[in-house]
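Colleague: Spelled out, the chains give:
Protein chains: 2
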Amino acid sequence: MSYFDAASAAPLHPVARQALLASVDEGWADPARLYREGRRARMLLDAAREAAAEAVGCRPDELVFTPSGTRAVHSGIEGALAGRRRVGRHLIVSAVEHSSVLHSAEEFEADGGTVTRVPVSRSGVAGTQAYGAALRPDTALACLQSANHEVGTVQPVAEVAGVCRAAGVPLLVDAAQSLGWGPVEGDWSLLTASAHKWGGPSGVGLLVVRKGVRFAPQGPVDERESGRAAGFENIPAIVAAAASLRAVRAEAAEEAARLRELTERIRARVPQLVPDVEVVGDPVRRLPGIVTFSCLYVDGETVLHELDRAGFSVSSGSSCTSSTLTPSHVLKAMGVLSEGNVRVSLPPGTPAEEVDRFLSVLPGVVAAVREKLGAPAPRTAAHEDALVVDALGKRCPIPVIELAKVIGDVPVGGTVRVLSDDEAARLDIPAWCEMRGQRYVGEEPAEQGSAYLVRRLS
Amino acid sequence: MSYFDAASAAPLHPVARQALLASVDEGWADPARLYREGRRARMLLDAAREAAAEAVGCRPDELVFTPSGTRAVHSGIEGALAGRRRVGRHLIVSAVEHSSVLHSAEEFEADGGTVTRVPVSRSGVAGTQAYGAALRPDTALACLQSANHEVGTVQPVAEVAGVCRAAGVPLLVDAAQSLGWGPVEGDWSLLTASAHKWGGPSGVGLLVVRKGVRFAPQGPVDERESGRAAGFENIPAIVAAAASLRAVRAEAAEEAARLRELTERIRARVPQLVPDVEVVGDPVRRLPGIVTFSCLYVDGETVLHELDRAGFSVSSGSSCTSSTLTPSHVLKAMGVLSEGNVRVSLPPGTPAEEVDRFLSVLPGVVAAVREKLGAPAPRTAAHEDALVVDALGKRCPIPVIELAKVIGDVPVGGTVRVLSDDEAARLDIPAWCEMRGQRYVGEEPAEQGSAYLVRRLS
Chain A
1 MSYFDAASAA PLHPVARQAL LASVDEGWAD PARLYREGRR ARMLLDAARE
51 AAAEAVGCRP DELVFTPSGT RAVHSGIEGA LAGRRRVGRH LIVSAVEHSS
101 VLHSAEEFEA DGGTVTRVPV SRSGVAGTQA YGAALRPDTA LACLQSANHE
151 VGTVQPVAEV AGVCRAAGVP LLVDAAQSLG WGPVEGDWSL LTASAHKWGG
201 PSGVGLLVVR KGVRFAPQGP VDERESGRAA GFENIPAIVA AAASLRAVRA
251 EAAEEAARLR ELTERIRARV PQLVPDVEVV GDPVRRLPGI VTFSCLYVDG
301 ETVLHELDRA GFSVSSGSSC TSSTLTPSHV LKAMGVLSEG NVRVSLPPGT
351 PAEEVDRFLS VLPGVVAAVR EKLGAPAPRT AAHEDALVVD ALGKRCPIPV
401 IELAKVIGDV PVGGTVRVLS DDEAARLDIP AWCEMRGQRY VGEEPAEQGS
451 AYLVRRLS
Chain B
1 MSYFDAASAA PLHPVARQAL LASVDEGWAD PARLYREGRR ARMLLDAARE
51 AAAEAVGCRP DELVFTPSGT RAVHSGIEGA LAGRRRVGRH LIVSAVEHSS
101 VLHSAEEFEA DGGTVTRVPV SRSGVAGTQA YGAALRPDTA LACLQSANHE
151 VGTVQPVAEV AGVCRAAGVP LLVDAAQSLG WGPVEGDWSL LTASAHKWGG
201 PSGVGLLVVR KGVRFAPQGP VDERESGRAA GFENIPAIVA AAASLRAVRA
251 EAAEEAARLR ELTERIRARV PQLVPDVEVV GDPVRRLPGI VTFSCLYVDG
301 ETVLHELDRA GFSVSSGSSC TSSTLTPSHV LKAMGVLSEG NVRVSLPPGT
351 PAEEVDRFLS VLPGVVAAVR EKLGAPAPRT AAHEDALVVD ALGKRCPIPV
401 IELAKVIGDV PVGGTVRVLS DDEAARLDIP AWCEMRGQRY VGEEPAEQGS
451 AYLVRRLS
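Chains as they are written, first to last, in the UniProt record's numbering: chain A, 1 to 458; chain B, 1 to 458.
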């Protein structure tokens with residue numbers, strides 16, 4: 001078995017396992033108590049806080065432990081927004097943030113706040129200029145991830161932090177995907193992270209609030225963790241989180257170079273081995289272990305199942321309709337193909353042979369899925385001067401497959417009109433045009449669903 | 001070392017330790033994923049939910065895991081209040097609930113809600129009649145603990161649930177102290193609990209919401225745990241929590257009888273061994289492992305230190321001024337003595353010899369603390385017809401010690417006027433009068449602090 005989904009959750013690092021076992025017997029007592037078991041728990045907690053703060057590059061009293069990265073994001077955003085309520089009720093996020101950030105933003109909107117979602121480039125980069133343009137006198141907070149969780153693109157955090165600092169606006173950095181690789185550069189104000197992303201245990205997030213940043217914790221009062229993270233501290237897990245962060249950092253430079261070579265191999269080889277593939281994400285400014293690509297005419301869920309049967313655990317941001325796959329807002333914001341999407345995120349220590357085996361298995365898997373889907377022919381009919389493809393009731397990736405089949409039947413300059421009631425078509429037909437060098441003319445309402453117009457250019 | 005503070009946090013049960021170790025290697029992946037590591041994590045999570053639900057006596061789909069008991073209480077109360085917002089904005093709690101419940105109530109008040117705090121008897125029981133009287137047409141929720149965390153008094157939950165049910169009001173039961181001993185009886189609507197109280201690991205709480213109870217989770221949307229507990233699931237800890245709950249339940253009947261005998265020994269012997277002691281909490285309807293008493297003329301923090309030095313870890317709800325001890329709202333609500341308060345809460349498995357050693361050590365510890373505090377004599381002066389004790393600037397338990405010294409100096413029917421600026425005097429002087437059979441006349445403002453009037457009756 002090859003587990004290639006470290007961006008969801010990394011397997012427990014051996015150091016985390018060791019530290020967890022050791023502190024389960026030492027750190028179970030209430031650290032607020034004065035007796036020796038309590039004092040011992042307090043010492044473990046203090047030492048873990050110091051180690052984590054050193055890895056982040058902050059003061060220990062700026063860092064609290066939360067029950068998860070998601071809770072760190074929720075508490076961090078709501079606390080920062082409440083702390084600057086008098087300044088205004090405007091929030092800036094990038095369009096490709098983690099769902100915990102976007103859901104916090106939606107919650108804020110529901111409560112009467114205003115949110116600007118900064119768009120990203122086709123490679124997933126949120127521009128510094130775009131952040132600068134989004135800043136307003138009533139902006140209470142800006143949020144930007146250190147690197148994207150789906151495509152691995154590294155964001156210009158230091159530059160955006162500088163622009164925000166100049167405007168007097170705090171920047172919250174969601175460092176969930178990058179903290180294991182190194183500290184976040186730049187003059188940020190708040191930072192969040194999640195231990196199970198770097199090989200630490202579940203149940204531990206970090207929330208850092210720099211001194212001087214206005215912060216008003218929300219929810220019922222609780223004296224634990226400086227009033228910023230309610231509930232009894234999970235000290236064994238916190239100790240394991242801090243110990244493993246230190247351990248992965250010690251191995252980071254060497255391991256990053258090694259994984260970067262492996263993901264570069266995937267980036268380069270997949271388009272050679274598999275026809276009609278788009279590798280997405282920034283080719284240069286990217287995390288070492290993540291590579292993401294989309295396969296035309298492929299259904300994301302089926303490809304995951306087939307890869308799982310072949311011994312590979314990967315994830316997908318495919319927008320193909322399915323109860324189990326979430327359409328990716330990241331791929332949508334980047335304007336890239338989302339059908340047949342595969343994210344490979346290698347955990348530290350992945351052997352090169354596993355990657356090579358993946359590359360040998362992938363072409364057959366994709367070909368088999370395509371063959372299975374390629375069978376049914378569409379009803380086509382002339383419609384005014386355009387060839388009409390009726391793909392109503394057909395789900396992704398069928399509409400695009402049918403489009404591809406008939407594009408050769410119209411003359412160059414001619415138009416194909418694809419009727420579809422599948423939401424994914426809205427994303428995938430323009431992406432197909434971009435990949436194939438055809439012109440996407442636009443969408444118009446149809447009797448049922450929508451009509452997508454494509455002009456043949458070549 | 002004897003650890004007698006199980007009501008704060010119980011040492012990890014051996015079964016919890018085993019289950020944690022086993023599932024740390026099996027349950028780290030994302031249970032929402034389709035590949036085998038994800039499916040394995042999902043199976044562990046589902047099995048743990050079924051085991052926990054069976055122990056609670058609910059359906060698995062009524063139970064979610066939260067990051068702590070405190071978070072379960074916060075989410076449970078705010079979700080239930082929001083779900084019944086249209087009914088009204090009135091909340092009922094008992095005066096002796098855990099701080100997580102009381103802080104939720106304060107938050108609700110700050111947001112415009114109304115809270116009724118039901119008083120308790122001198123033994124700490126919140127009466128069914130009092131709950132019935134507190135119910136209003138706009139009552140959205142009532143909360144009652146299954147048993148008190150400081151004095152061990154078991155509450156009439158089934159009766160109160162019946163009264164609430166008849167009025168159509170859901171009852172939330174905080175079962176943190178009792179769930180390890182058995183399911184909560186009665187027709188309650190919501191239930192919360194905390195794994196580290198029964199010997200499970202830190203980082204796991206339970207929130208049960210019965211089918212049909214209106215519930216609207218608050219905070220940013222998150223799909224995990226039926227939308228009721230945001231953040232990545234801590235599956236190894238959840239597995240350990242469920243396994244240890246089952247294990248402690250299997251041992252509960254036998255262990256309860258054994259601990260009840262030990263705490264009964266403390267209840268009976270302490271007043272014989274130590275003069276001027278009040279044992280508090282219900283003598284019959286009480287948890288097996290908790291016994292609480294207060295020692296006149298003793299400072300709570302000092303007695304904890306001395307007991308710690310003698311090898312005993314206990315806690316105190318003493319209201320003596322200290323940066324490290326929180327004055328107990330429970331003792332205050334019961335109207336019992338809070339000075340020199342000691343809570344002994346025995347973890348399952350406590351050997352009888354440790355209790356006997358505690359009983360042999362305690363009298364000397366209390367006597368030494370009293371001797372140390374007994375030294376300084378107060379300035380006394382005649383004031384109208386009363387003897388005035390000037391205890392200004394003196395901290396608990398000095399004002400009561402000074403009062404006791406001079407009460408014999410006034411004739412029966414005469415009055416002592418104690419001047420004090422220590423908050424604890426307000427609680428402890430009336431309690432002393434009750435214990436000594438003297439009449440507490442009342443409090444009046446003085447030039448500095450307050451004057452407490454005591455009439456000698458005997």
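Among the hints, erroneous ones may be present.
[Unchecked claim] Calculated Cβ distances over 10 Å to all of chain A for the following chain B residues: (1) A82; (2) S202; (3) E301; (4) S458.
[Unchecked claim] Covered stretches of chain A (in silico footprint by chain B; criterion: 3 or more residues with CB under 8 Å from a CB of chain B, positions within the stretch not fixed): (5) 12-26; (6) 35-49; (7) 63-77; (8) 201-211; (9) 229-237.
Simulated from the structure, these hints should not be mistaken for laboratory data.
Backbone N, C-alpha and C fix where the C-beta goes; we use that ideal spot for every residue, glycine too.
Colleague: Each hint: holds or not?
Modeller: To see whether the hints hold, each was checked on the structure:
1. A82: A82 (chain B) is indeed farther than 10 Å from all Cβ atoms of chain A, at 13 Å.
2. S202: Given that some Cβ of chain A is not farther than 10 Å from that of S202 (chain B), nearest at about 4 Å, it is violated.
3. E301: About 8 Å separates E301 (chain B) from the closest Cβ of chain A, which leaves it inside 10 Å; violated.
4. S458: Holds: least Cβ distance 39 Å, greater than 10 Å.
5. 12-26: Since three or more residues must qualify, the claim that chain B covers the region 12-26 of chain A holds, with 6 doing so at under 8 Å.
6. 35-49: holds (count 4)
7. 63-77: holds (count 6)
8. 201-211: Per the Cβ count (4), the hint holds.
9. 229-237: holds (count 8)
Taken one by one, the earlier hints fail for this structure at numbers 2 and 3, listed in ascending order.
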